[in-house]
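Engineer: In order, the protein sequences belong to chains D, Z and H.
When the count follows my numbering, it moves up by one through the first sequence with no breaks and lands on 1033 for the last residue.
When the count follows my numbering, it moves up by one through the second sequence with no breaks and lands on 616 for the last residue.
When the count follows my numbering, it moves up by one through the third sequence with no breaks and lands on 326 for the last residue.
Just so you know, the hints here were simulated from the structure itself, not pulled from any lab data.
Some hints could be false.
[To be verified] Subject to a maximum C-alpha distance of 25 Å in a straight line, what follows is the list of computed BS3-like cross-link-like pairs (lysine-lysine):
#	chain 1	residue 1	chain 2	residue 2
1	H	270	D	1025
2	D	1025	Z	431
3	Z	328	D	832
4	H	260	H	193
5	H	104	H	314
6	D	1025	Z	328
7	H	201	H	168
8	H	201	H	260
9	H	314	H	260
Remember, predicted model here, so these are calculated numbers, not experimental data.
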Amino acid sequence: MPCDGGSIVRPKSFYHAQEKRARHRRLIDRAFRWLGMILTVTTLGVLGVLLLNLAMNGLGRIDWNFLTSFPSRRAGEAGILSAWVGTLLLMVVTASAAIPFGVAAGIYLEEYAPKNRMTDFVEINISNLAGVPSILYGLMALGLFVYQFRFGQSLLAGGLALACLVLPIVIVATRESLRTIPSSIREAAFALGATRWQAVWHHLLPYSTGGISTGVILAMSRAIGESAPLITIGALTFIAFLPPAPLIAHAPFVSGEWLFSPFTALPIQMFNWVSRPGEEFQSNAAAAGLILMVITLSMNAAAILLRKRAQRNITW
Amino acid sequence: MASFPPSPSRRVDKMVEELMVWVLRAGGWASVLVTFGIVVTLVKESWPFFEAVPFGRLLTDTMWTPLFSEPQYGIGALLAGTLVTTIVALLVAIPLGTILAIYLSEFADAKFRDWVKPMLELLSAVPTVVYGYFALLTLTPLLQKIYPDLSQFSMLSAGMIMGIMIVPYVTSLGEDSMRSVPMLLREGAYALGDGKLGVAVRVVFPGAFSGLAAAYVLAISRAVGETMIVAIAAGLQPRMTINPLESAATVTAFIVQVSLGDLPHGSIGYQSIFAAGAVLFLMTLGFNLAGHALRRRFHRAT
Amino acid sequence: MNSSSPNPRAGTEPPTAGSSEAIKVQIQGLSFFYGNHQVLRSVSMDVPALKVTALIGPSGCGKTTLLRCMNRMHDLYPGNRYVGRIVVQPDGTDIIAPEVDPIQVRMRFGMVFQKPNPFPKSIYENVAYGLRLQGVNQRKELDEKVEKALREAALWDEAKSRLHQMAHNLSGGQQQRLCIARAIATDPDVVLFDEPTSALDPIATSKIEELIVELKKRVTVMIVTHNLQQAGRISDMTAFMYLGELIEFGETNRMFTNPAKPQTEDYISGRFG
Chain D
718 MPCDGGSIVR PKSFYHAQEK RARHRRLIDR AFRWLGMILT VTTLGVLGVL
768 LLNLAMNGLG RIDWNFLTSF PSRRAGEAGI LSAWVGTLLL MVVTASAAIP
818 FGVAAGIYLE EYAPKNRMTD FVEINISNLA GVPSILYGLM ALGLFVYQFR
868 FGQSLLAGGL ALACLVLPIV IVATRESLRT IPSSIREAAF ALGATRWQAV
918 WHHLLPYSTG GISTGVILAM SRAIGESAPL ITIGALTFIA FLPPAPLIAH
968 APFVSGEWLF SPFTALPIQM FNWVSRPGEE FQSNAAAAGL ILMVITLSMN
1018 AAAILLRKRA QRNITW
Chain Z
315 MASFPPSPSR RVDKMVEELM VWVLRAGGWA SVLVTFGIVV TLVKESWPFF
365 EAVPFGRLLT DTMWTPLFSE PQYGIGALLA GTLVTTIVAL LVAIPLGTIL
415 AIYLSEFADA KFRDWVKPML ELLSAVPTVV YGYFALLTLT PLLQKIYPDL
465 SQFSMLSAGM IMGIMIVPYV TSLGEDSMRS VPMLLREGAY ALGDGKLGVA
515 VRVVFPGAFS GLAAAYVLAI SRAVGETMIV AIAAGLQPRM TINPLESAAT
565 VTAFIVQVSL GDLPHGSIGY QSIFAAGAVL FLMTLGFNLA GHALRRRFHR
615 AT
Chain H
54 MNSSSPNPRA GTEPPTAGSS EAIKVQIQGL SFFYGNHQVL RSVSMDVPAL
104 KVTALIGPSG CGKTTLLRCM NRMHDLYPGN RYVGRIVVQP DGTDIIAPEV
154 DPIQVRMRFG MVFQKPNPFP KSIYENVAYG LRLQGVNQRK ELDEKVEKAL
204 REAALWDEAK SRLHQMAHNL SGGQQQRLCI ARAIATDPDV VLFDEPTSAL
254 DPIATSKIEE LIVELKKRVT VMIVTHNLQQ AGRISDMTAF MYLGELIEFG
304 ETNRMFTNPA KPQTEDYISG RFG
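The following block holds chain D by itself, in its conformation from the complex:
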């Protein structure tokens, strides 16, 4: 029934059709809502199934011996000692190269770089670098670090390859967290007579540590799980020894010898076991995979929490 006395009088069927169409739309919306919900849960479910699968096949293998034994031809006696030590030392190399260079590059691009073609070029370069397949970093490391610089198939070469790989992550995280600081804070510092570096060192860096550490954690978690670049430099060998200790008994008490030691790492050890026939080796692989997953997922969770807290603590 038309409710006003307007001049247009429409047949009942017109409103009927409108109502039908509206009901149709509501139905479609509700169907899509369900579809979206189901697909979200399914997609996340893959993660759950993955973890469950690893736990079922691998949890039984994880014990003290597994953590403290070298790899072995007999699956039951094999362990991941050289693998986790290798991963740890690789991360030392990666972090000490990627963090200073990445943060410096982020600061330079965000706070110093003039707006010109050169800067544009550097930016395009970084965004491309973030998309370069990881195995190409391995090829670069093979040609450049292993042979050209004669580092050999060492922790140094592997760690630097991973550092190059995660450099864009650190740069982007640094830039993004600097960008959240309002320009009025910079102006306040400059107006009091701070140099640009003083503004960065006294203010911008301290206020963006939350965002930068989030990025660094994500970068490290990415590096821990990478295997392709390490395989390319030839790290997939049987390593039943540990690199020389970084601390020694005589002066100068520290030694860089370990940097040039051959190594293996967790994901490589896992790949090694995956590609062997036999269920026993596969449960070794599952155990190594479970440990890898726990490390990377908890690092990611830490990063998420840190980001949330950083957002909550500082409101501009």
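Once you have looked at the hints, place chains Z and H on chain D.
Structural biologist: Same frame as chain D, now just chains Z and H:
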């Protein structure tokens, strides 16, 4: 008369400032140096390969066996593997990623989204070797129950898992760009009586298209360059086939396969992986630059 | 030039009441460009010492640009070009001369911004920061100067019990007074205010205004304001700017009651702007 008396502490500050500009600029250039290192290494080490192999044979040979005594150089055999696994991955990632992006941006409430988005991003944080394990030892046996003649190594299984891995790239970037479509445009369509999905498909999707396209292009680049999943689950034998049920090596898997063996500097095997790497670099460079341009265009539009 | 500043006051001594007739800053033929765009057109004025000088005019007239020339803030962004001179008395330094270090200029010209912008640090550290930049490191000296600045900014009583709490816990008006304390802690010659009350409620605004009037006993004040009543209430001198030019400059009372130029009269009577 003309100037303030220079203060000694100011002189130190000035020196520090100048020093730091150089230090920080060096950091910026380090990233350029890495690209430079990749390009120079690839060109230098693959040069002898491309010099020795007639260009025509790259295209006309049907097999890729550069290490055999009678070598064949049909790089198409590797590209086929990359093409098929990439297509399978995209068939999973693009529809799934897009639907999730629409759902999270237009339908889900903010709390749910804040909780789900980081969870989804965990999918791209899983080490790829773990995905490879999962594809080979869980998904393939499962798929074999449906297709009994699926081989133990299959591009289908590897591609599907790869698709799951790149879903977060599509969803995350896609959702960001959809949410930055101004509310006003949505309201225009709502005011005409359109439903939520209608608005999403007819207004938000086109409005965010260059952002979504960037997400798709970057997803392609990821899939083309992914290594461990295909090396573990799709097989290491180069084969000129487009049947996803078969096994075939991708460009990346070939590099892994050769790297597993003994690889003296300057040998034909050594040169051939750099040649494959150069091809891979060119492909991903194209996608990355296109993705960068699309994302820029999107940022400028909003 | 020295004829206009008959008072050769010793360098950094706080000014005394006797110098109130002196000129603090002489702006001479100042033009300013951003790229090819000319924002200021040959502005000349003598800013008297220990007075409040207000810069008024419609949006885009160049008043904030002029204020930001005074502490060389424009140097932070590319494409700036100064023409002319800004001479600070008593030493006669032209602060826009290229050989003059802008950072030393900023140490002598304090600035308070439109929106309160305290650092996300403690109240104490906010005030102490400028002092630290100028090499004050002794705890005792810092404590004294921080307290003095907070007292002068009428914030001491509210803040003394929580000096080491975050500045962001203060209210908007308190934050702005903190920014004033931060700007005056280093004993600058001139304090520049860029619409300091535009983000504040009326009560907080009147507190800031009282503070500015109080401050001129000790420092020269320049203030950009959109609010004509505010200019009338607190300033001794007023400069009216329009399209990058200084139209009229004189004593506030005279300007508001008997403007010499028709544009000034139009603006003051609310016919445009």
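Engineer: Which of the listed hints are not met by the structure?
Structural biologist: Numbers 1, 4, 6 and 9, in rising order.
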